[in-house]
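**Q** Here's the letter readout for the chains.
Protein chains: 2
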Amino acid sequence: MDFMKPETVLDLANIRDALVRMEDTVLFNLIERAQFYRTADIYNESLFTVPGFHGSFLDWFITEQEKIQAKIRRYEAPDEVPFFPDELLKPILPPVNYPNILAPYYKEININLEIKQIYTEKIVPLVAACDGQQPENWGSTSVCDIECLQALSRRIHFGKFVAEAKYQQETERYRKLILDKDIPGIEAAITNSAVEELILERLKKKVDLYGVDPSLKWSQKQQGKINKDAVVQIYKTWVIPLTKKVEVDYLLRRLEE
Amino acid sequence: MDFMKPETVLDLANIRDALVRMEDTVLFNLIERAQFYRTADIYNESLFTVPGFHGSFLDWFITEQEKIQAKIRRYEAPDEVPFFPDELLKPILPPVNYPNILAPYYKEININLEIKQIYTEKIVPLVAACDGQQPENWGSTSVCDIECLQALSRRIHFGKFVAEAKYQQETERYRKLILDKDIPGIEAAITNSAVEELILERLKKKVDLYGVDPSLKWSQKQQGKINKDAVVQIYKTWVIPLTKKVEVDYLLRRLEE
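Protein sequences appear in the order of chains A and L.
Counting in full-length UniProt numbering, the first sequence runs from 1 upward without gaps.
Counting in full-length UniProt numbering, the second sequence runs from 1 upward without gaps.
The hints are simulated quantities; they were obtained by calculation from the structure and are not laboratory data.
Copies of the same chain are indistinguishable here, so a pair counts whether it falls within one copy or spans any two.
Cross-link-like lysine to any residue pairs, in silico, SDA-like; alpha carbons within 25 Å at most:
| # | residue 1 | residue 2 |
| --- | --- | --- |
| 1 | 205 | 192 |
| 2 | 181 | 112 |
| 3 | 107 | 134 |
| 4 | 5 | 96 |
| 5 | 90 | 46 |
| 6 | 205 | 16 |
| 7 | 116 | 242 |
| 8 | 236 | 16 |
| 9 | 5 | 41 |
| 10 | 181 | 106 |
| 11 | 71 | 41 |
| 12 | 90 | 135 |
| 13 | 67 | 88 |
| 14 | 245 | 190 |
| 15 | 244 | 169 |
| 16 | 5 | 34 |
| 17 | 204 | 22 |
| 18 | 71 | 146 |
| 19 | 5 | 133 |
| 20 | 71 | 151 |
| 21 | 225 | 8 |
| 22 | 122 | 198 |
| 23 | 116 | 236 |
| 24 | 205 | 22 |
All chains should be modelled from the sequences, with the hints used to inform the complete structure.
**A** Below you can see the structure in the form of structure tokens.
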């Protein structure tokens, strides 16, 4: 996706290609996370104390990571959304001056805290190697967690581009729905059940391919690297609905001056 | 790999499983890097200036990243090797107290600067989407770079465990070779050409599976996400020989008091 060329970014075929490619990133990262135990202590605020910081160990690590990544301009890119936007540091690189592609309020559409909660409470239990704790692996586990979270966040917030493209394609239809604050109408307008089915089918194929070691294909060690059904369920239950939530949130404000 | 149980770590079958699993991590990361241009400016020391820092933009980013990761104990783990060991910060988590598995000097076996040079000069040109520059993607590209470098470094330095396991298996044979400083003899003793062939064959299968979008299988868009031959070449030309270099470096000092 070349954000320097706005006309290509809002082409729905290009958006689709970007979303398909992002599935791989999400899946690769979930497979990496699946190597580790659940280790739920990482997400427990009462088990982590650093002076001047309130939050879980994972929150602390995300904050530190985002500070550095802000320094290298991650959050200037229109498709990157921080989990802790108030903690970011100033970039050390010159600004990129991305052309305007989305409506001016786009950075305010940020459901990362909801994504983080669903990830730690629902998604991790589905993919982790087992339910226990690995205290010596807090570091490795949180490194995987932040990569999963960033990949999921980017995928879900890409709904802003989907929404903007659809709005530009059918401006009159959306204007009316937005003026009427007709949320079920907007949801119906942005939903394409056939495409959603295709996503889930493609994802199942990808898990079948990426989730096992091909050299073990005919051996007994066929358990795979990740719970196959989990990945499809994660998309069906959370990724697709949350993307639509982002689309709706974005569209509802689209007529702001 | 459970470093809390030394007896399992030095079992060659477990080491093999760990190395097979690491192939996926290396491959996933190379596929992510392949989305971006070469952008060689990132690696050019003369194009990056930050007061008090000497090095390329990538060097700066690796240093910042390693500082944080040291805080979460990454470099206490016996299989993690820093690129800039003099810049690390103290962990904020309590020490893990890993049991001794390797010889006491194991942290001094560190060929990361050589790995970084080969990666930036030889490997990136083979995997990057094209030879040009993407100034707006310095950040994303360097994020992929550090993940590739860490995955390659971990894989290559795992040679220390291979070497220790082989030494314990055939102590007398290696003692004699080490006392004679017989480097070609050590190289011959640690080389198993049949296993190397198997690695390359398995890798080719993995690239065939992970490197294309399965839903595009019968379409014209079959160019794949990464140059397939490149991955096998990277293992054959650098990963396997550098792993053996680590093994030899480690073994040559094995009789130190």
